[in-house]
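Turn these sequences into a full structure, and let the hints steer you where they fit.
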Amino acid sequence: MAPNLSELKKELASLIWEQLHGQRVRFTLMAFSGDVRPWRPELVEPTEEACRQAVDWLSQLTCHGGTCTLEALQAACGLGGSEGCYLISDGRPDSSCGLVLQEAERLTARKDITVHTIAFHCRDRAEKEFLKKLAHKTGGRFCCAHEDAKALESLASAEHWESRLKDGQELAVPLFEGDDLRRLGEEMNKLMRFQREAQGFRNILLEKKNREVS
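The opening position of the sequence shown corresponds to residue 1 in full-length UniProt numbering, with each subsequent residue numbered one higher.
Take the hints with a grain of salt, since some may be wrong.
Unchecked claim - Here are the simulated distance ranges between beta carbons: (1) LYS209 x TRP17: 55 to 63 angstroms; (2) ASN4 x GLU186: 25 to 33 angstroms; (3) GLU197 x PRO3: 43 to 51 angstroms.
Since the hints were made in silico from the structure, they are not lab data. Beta carbons are placed, not taken as given, at the ideal position from N, Cα and C, and that holds for glycine.
What follows is the structure in structure tokens.
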């Protein structure tokens with residue numbers, strides 16, 4: 001995580017102000033490496049002062065030690081009144097993946113809390129699969145932040161992609177890994193298929209009409 005920590009801090013600071021403060025969502029933050037370091041031991045209201053303090057706390061974080069995902073989940077699920085947890089990681093936990101998945105299921109079964117996971121600059125397939133399973137185990141969503149963002153940029157940069165999609169032309173939709181964008185890609189592929197089918201029916205009707213006229 002160390003090479004990408006500055007980028008993560010910037011993204012989290014934007015999230016705090018734009019999402020948590022803007023939508024009045026109570027929150028806290030936890031850093032986890034060799035141990036779990038909470039910003040606040042309970043959920044706090046997203047006041048301007050609290051958000052400033054949270055961003056200041058983020059700016060002082062450094063990477064060290066391992067990846068104590070299990071302990072971080074236990075701490076997050078132990079917060080009173082918590083409904084959701086967003087776990088951001090770039091790799092596998094120190095504990096066995098199977099143990100973490102079992103504990104996540106146990107922790108979330110006792111209270112109404114969902115764990116969403118975000119793979120941040122995570123290049124190992126097994127590590128991504130673990131984070132995906134962790135989210136799905138609790139009814140949460142998986143996001144592959146860096147890779148999906150690059151894929152989305154490549155799609156957006158495709159020449160006249162909106163008009164091509166509207167006209168039913170072939171468009172190479174990237175293979176997104178995150179749940180939300182993967183569903184978007186599936187819907188885009190469905191749209192192109194339906195448009196091709198509709199164009200085929202239209203051509204058949206026009207051909208039939210032309211034969212009748214002639």
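ask   = Range hint 25 to 33 angstroms: satisfied by the CB atoms of ASN4 and GLU186?
value = holds (29 angstroms)
query = So does GLU197 sit 43 to 51 angstroms from PRO3, Cβ to Cβ?
reply = holds (47 angstroms)
message = I want to verify a distance hint. Is the separation of the beta carbons of LYS209 and TRP17 within 55 to 63 angstroms?
response = holds (59 angstroms)
In this structure, none of the earlier numbered hints is contradicted; all agree with it.
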